[in-house]
Every structure is written in structure tokens, then in C-alpha cells.
Amino acid sequence: MKKILGIIAVSLLPLIPLTAGAHGAAALRFEKTVTIKAAPAKVWALLKDFGNVQAWHAGVESTTVEQKKDENGDDATYRTVKLKNGGVMYEKLRSADDAGMRLKYEYVIEKSTLQVSNFYPSITVTGSGNEAVVTVKGSYTRADSSNIPKPEQNDDAATKAVNDYFDAGLESLKKVAESGK
Amino acid sequence: MLSTLHTHNRLSGMRLLFTSAIKLRKQASASFLWLALLLWIPQSYAGSLAYITNQGNDTVSVLDTQKKQVTHTIEVGKAPVGVAIATKQQRVYISNANSQTVSVIDSATQQKVYDIPVHVQAVGIALSRDENTLYVADWGGEQVIAVDTAHPDKQKAFKAGKTPSGLLVSADDKKLFIANRDSNDVTVVDTKTLKTIAQIPVGLHPFALTLSPDARTLFVVNVVSNTLTVLNVDTYQSSTVKTGQHPYGLAISPDSRWAYVSNNHAESVSVIDLGNGKTVKTIAVGEFPEGIEYDKTTNQVVVANWGSDTVSLIDAHTNTVTHTIASPKLCRSFGQFILQAK
Chain A
1 MKKILGIIAV SLLPLIPLTA GAHGAAALRF EKTVTIKAAP AKVWALLKDF
51 GNVQAWHAGV ESTTVEQKKD ENGDDATYRT VKLKNGGVMY EKLRSADDAG
101 MRLKYEYVIE KSTLQVSNFY PSITVTGSGN EAVVTVKGSY TRADSSNIPK
151 PEQNDDAATK AVNDYFDAGL ESLKKVAESG K
Chain B
1001 MLSTLHTHNR LSGMRLLFTS AIKLRKQASA SFLWLALLLW IPQSYAGSLA
1051 YITNQGNDTV SVLDTQKKQV THTIEVGKAP VGVAIATKQQ RVYISNANSQ
1101 TVSVIDSATQ QKVYDIPVHV QAVGIALSRD ENTLYVADWG GEQVIAVDTA
1151 HPDKQKAFKA GKTPSGLLVS ADDKKLFIAN RDSNDVTVVD TKTLKTIAQI
1201 PVGLHPFALT LSPDARTLFV VNVVSNTLTV LNVDTYQSST VKTGQHPYGL
1251 AISPDSRWAY VSNNHAESVS VIDLGNGKTV KTIAVGEFPE GIEYDKTTNQ
1301 VVVANWGSDT VSLIDAHTNT VTHTIASPKL CRSFGQFILQ AK
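So the protein lines, in turn, are chains A and B.
Position 137, counted from 1, in the first sequence is what my numbering calls 137; the numbers after and before it change by one each time, with no gaps.
So the mapping is simple: my numbering equals the position in the second sequence, first residue as 1, plus 1000.
Each hint should be verified, as a subset may be incorrect.
[Stated by the list, open to error] So the derived label-pair ranges between C-beta atoms look like this:
(1) A:E131 to B:V1113: 47 to 57 Å
(2) A:V133 to B:K1281: 23 to 33 Å
(3) A:F30 to B:T1297: 35 to 45 Å
(4) B:A1326 to A:T35: 38 to 48 Å
(5) B:K1078 to A:F30: 15 to 25 Å
(6) A:P151 to B:N1132: 38 to 48 Å
(7) B:S1212 to A:A58: 50 to 60 Å
(8) B:D1234 to A:E152: 41 to 51 Å
(9) B:H1317 to A:S179: 47 to 57 Å
(10) A:T33 to B:T1324: 19 to 29 Å
(11) A:F30 to B:Q1245: 16 to 26 Å
Calculated from the structure, these hints are not laboratory results.
We put the CB at the ideal spot given by N, CA and C, even for glycine.
Throw the hints in and build the complete structure from the sequences for me.
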């Protein structure tokens, strides 16, 4: 069902007006860190390549990038990330700061399948020499904003979705970056 | 107002006296000088009190803006978010999103006195000027609940837009303004009849509200549009001013010249000249700044940083952060959260 909804959502992309989703009242926060034996610049090069998530995330099948106007009429970059498990993540690039090695983007739930809303990750690379520290942090809320949320759209479900995606992602990022490719 | 101030100061003075007295037993007589000093200066000692809601650990930190210290930590309901100050009642009302309650704090003793069940995800919260009515926005519904503060079980729900957020009552107590986050408008409600009298479109995802010092202008931050709507409270004519990324809160200086806007996704506060709408300075603060208010007593802008578990104190004369104070977890302070010392 989720998969079907995802496909429908994606196929309707140009028709749906862009609005951020309703969400729970109390936003949740996450932070994850991984230390990688590789030059920070090398790790950053992988992460900042907005249209190539599959290069470092083993759970990702493909990424398609598009340019279009955002909800405010400003030019923006979006990507559709197809997961190997059938899930879809539709995301808007917010900033890619080379000097600070920090990427910020936004997850758009209306065109995605993961049950997490108002999801704003930022990925930062620090470190020196042959050691990079990658920190992913951000805020998110559950997908169902009602006072009694559906179990598959509650706080725990949102937290699981975030953990599943980034735990696997950081693990494979480490592998890829350390493999010397 | 004055009696609150006196009570508060007297209590602080007494508490300090008591603590000092215990220490004194073990200390030299020189400490008597310190004690005498404490007895002598309590009137000038206490600053305003900022009530910082810690959504992540179900407490409220009481921050003395002059001492620049958290003096009390009060356990409240689950996931506290909003604050409303009842100066005359000496009460502070805290909305708890997850326990769906409002906690009532005695601002003379800094203790929670009771919880009011409201059965909705309480976020936005505001008082009528006479403090007889507490308005609580239902984040999960399309309604606001009016609570009789003298009889908290007397509650009346009335219609709002989608995901009502910030609330504010006009200076004459006749109108309630509701920022509806998901219907991109502000509802104006007649506080006598609880009926909608106007529905004003603003930017995308209006969230926090505040009034100008003369109470004639309403300011609304539009989270997704990255703007501020400046709205006349009588004619509803409006103009728009640009902010930083994802504005979540704002405060107006007492001279009405400056707006301080917390940019939730830019780790900053914009200082905007309301004369021309231009940002004159962008001040770096903590991560995900949200609640922001101007403390008239110390001329500081107090900012709660949800992402850093800190509170930034900005000196409004120099527009620089002078202190960063830890507050347990996910601090928000949505609404008007400072009990002004005068």
C-alpha cells in the first residue's frame, strides 16, 4: 500500500502544490556521528553530490535531480531518491556549503513514502588528515499530526524511519570512503 | 504589577539569606559583610524571569535575566512548549503538547500548583488582558479552547483554521488573533461571542505572533515564506518584510524600531529595521532558535535554542550575544515567556 501511494504521489508531482506537511506538535531531534578513516574532502565530495546518493548509500537504488521553482517561487534543486526496498524520498536542497563542508536539505513527505514529516537533515564533515567525522543532525516530526496518531505514523514510527535510513547510510558511507575508491 | 515585583524580590532575598546563613556557620565573620549587602540590595537584585520550556525533559527553567542564571527548574507536563504570563495572578501557564495539559506555576514560589487537562496537543497559549481567560490552541484540530482561569474545568472550544499555533489577545481584550499554520491565515475571533469576525491571508505557515508596544500592529512570522507580515489590528491592512530562513519567533524593541526574528534554520537572529524593512544585522545564536522575547528591564533579547539546549542573551544595545546559558533539553518558549520585573 505504501509503495502504491508512493508511486501515485510521484506520478502526480507536477500537479500537487508544494506545501509542507502537517506534523506533530513536539518536533523530535536526532544526531548521529561516524568517524571515517579518509580525508574529509573526499567524504565531503561524496556527500555533496546531491544527485548521486547511491554512490555512498547502499540502500539507495537511484537518484534523479530536477530544477524547479519552490513554494516561494524561487529556483530550487530537488531530487527523487529511490530506495532498494521500494521506498521513495523526495528532497529539496537547502544549501551546500563547501567551506563549512555542510549539506542541508528538506524531506517533502507529500511525495515520499517514509512516514516522517518536517524532516530537515544537515550533514557536516569535519576532521583533518586521514580522519573525517561525519555528523548528521536535524529535526523531524511524526507524519500524523492528530491528537491520537495512527501507530504507523506516530513518533516511534518516524524515529524508526530516520534511524533505518541514516544508520545504514552512515555505515555504507564509511565502507565506501575507506575502500579507497 | 508592583506587588508581584516586591514579592518576587523579597522571596529571592530571603532564600539567599537562608542559604547564606547555613554557610556562615562555617565561615569567618567577614561573611557578615556579604550578608549585609544581600539584605540591602534585594530591590535591584532580581531581573526579569524568563520561563524556558524544555520540551525534551518535561521541565521549565526559570532564568533570571539580570543574574543570567537559571534559578529554578520546575517539573511540568509532557513536552512543554508554550508560555503565558499572568502577572496579576502571579501565575505562569505552560502548554504541554504530549500530556495534553496546561501546567500552572506560581511565579512567587516557582512551584507548579496544578495541571489543567485540555485533551488536545496544546502548543499556542495566551491570556486575556484581564487574565480571566486562557486560550489554548489545539494543534491537532481546528479549534481553540477558552479556559476560565478561576474555574479551569470550565472550557469552551471554538473554531480556528488548520493547525492553530500562535495566539494573542488585543490590548482592549476584544479580539483574539490566531495564526493558523496550515491554512496560511490569521483568524480574528470576537472574545465575547467566540465567533470568527475576520480571516486574513498571510504568508505560508504563519506560526508566532506578537504585538507592537502601542498594540496597533500585529506581527506574524511566516515559516515557509521566510517573511514577516505586519498587520494593522483594526483595518487588517498588511505589508510583508523579508526574514532569514524559517522564522519561528519574533520580538519587538520597546521603541518599536527593531524586530528581532529567530531564524529556526539559519542558527541566527535577524535584526530588522521596521522603518524600512531592512535587516541590519544577523546575529549567530544556537541551533534551531525558536522562542524570542525582549526583556525591557535589562534590554536583552532572550532566545531559546531548541537544537543546542541553550538560551542566548543578546545585548540589545550592541546586538551581540553576551551569554549562552544551558537549559536541559529542546528549549522552545513559544509565546510571551518573560515575567518583566517592571
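key: Broken hints, by number   = Hint 4 is the one this structure does not satisfy, whereas the remaining hints hold.
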